Amino acid sequence: MKKIILINILITLVIIFVTGCNQSLYTNLTSLSSKKPAISYDAAIQGARPFVVSFYMNGCSACAKAEPVLKSVIPDYNGNVEFVVVYLADSPDICQKYGVRAYPTAFLVDPGSLKKIEIPNNQLFQKQTFINFIDQNWKDFASQLVNQSYREAQDHYSNGEYEQAINKYNVVLELHPDNSNVKQLIKNAQELLKEQK
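If you read the sequence shown in my numbering, its first letter stands for residue 29, the second for the next number, and so on.
Check before you lean on any hint, since a few could be wrong.
DMTMM-like cross-link-like pairs, simulated, lysine to aspartate or glutamate; straight-line CA separation at most 25 Å [as the list claims (entries may be wrong)]:
hint : residue 1 : residue 2
1    : K222      : D168
2    : K167      : D70
3    : K225      : D206
4    : K99       : D168
5    : K143      : E223
6    : K215      : E191
7    : K143      : E95
8    : K144      : E191
Distance windows between CB atoms, simulated [to be verified]:
hint : residue 1 : residue 2 : range
9    : P103      : G75       : 12 to 20 Å
10   : D183      : D163      : 26 to 34 Å
11   : R179      : K144      : 17 to 25 Å
Since the hints were derived computationally from the structure, they do not count as laboratory data.
Note that the structure is predicted; figures quoted are calculated from it, not measured.
The beta-carbon is built from N, C-alpha and C at its ideal position, and this holds for glycine as well.
Given these sequences and hints, build the entire structure.
Quick look at the structure:
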């Protein structure tokens with residue numbers, strides 16, 4: 029008799045779980061931050077800034093605990109690090125691509141190299157530990173991106189490809205807005221581009 033009751037409970041839980049996972053749960057990502065909205069995964073991959081991708085699943089109590097922490101972390105970065113939320117029900121292919129097996133799971137990703145670092149699960153539930161992890165790692169990604177973009181800009185500039193050089197210099201300027209050297213290089217490239225046309 030106990031086995032039958034346990035089997036019925038197990039079947040009920042499986043049905044609830046499967047039904048919950050199949051419901052499409054769409055979260056308005058723009059509500060995650062008052063300063064800068066979270067962006068889509070595709071936009072993050074094509075962007076210039078490191079990003080945190082957080083994976084959640086419908087009906088996951090741990091995800092419900094982690095989400096407010098994520099919401100509180102976003103404004104601290106003022107766009108220097110982007111944030112993406114992916115739900116299993118909405119994007120199983122992205123979850124599979126990252127090898128997500130437990131929820132919540134989060135990664136810090138460099139869009140240029142697609143290098144990713146998994147954020148330890150225990151750091152997703154407290155704002156300061158989450159911030160500490162990001163701070164220790166995102167600056168390395170940003171530094172690599174600046175160096176790569178600067179080299180590419182210089183190559184484009186040397187080859188007379190001034191429009192491409194300007195685009196790459198702008199990536200550097202986004203991450204280092206006070207860099208007067210890069211501002212001057214952009215100005216020079218713009219003048220040369222005008223002459224070229």
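Evaluated hints:
For the hint pairing K222 with D168, the CA-to-CA distance comes to about 36 Å; that exceeds 25 Å, so the pair is violated. At roughly 22 Å between alpha-carbon atoms, K167 and D70 fall within 25 Å of each other, so this suggested pair holds. For the hint pairing K225 with D206, the CA-to-CA distance comes to about 29 Å; that exceeds 25 Å, so the pair is violated. Taking the CA atoms of K99 and D168, the gap is near 23 Å; set against the 25 Å cutoff, the hint holds.
In summary, the hint linking K143 to E223 is not supported, as the alpha carbons are separated by about 40 Å, beyond the 25 Å threshold. Pair hint K215 plus E191 holds up; C-alpha atoms about 11 Å apart against a cutoff of 25 Å. Proposed proximity of K143 and E95 is supported: the alpha carbons are some 24 Å apart, at most 25 Å. About 30 Å separates the Cα atoms of K144 and E191, which puts this hinted pair outside 25 Å; it is violated.
Distance hint check for P103 and G75: the Cβ-Cβ separation is about 18 Å, which falls inside the suggested range of 12 to 20 Å. With their beta carbons about 31 Å apart, D183 and D163 fall inside the hinted range of 26 to 34 Å. Roughly 23 Å separates the CB atoms of R179 and K144, a value that falls within the hinted 17 to 25 Å.
Violated hints, in rising order: 1, 3, 5 and 8; the structure is consistent with all others.
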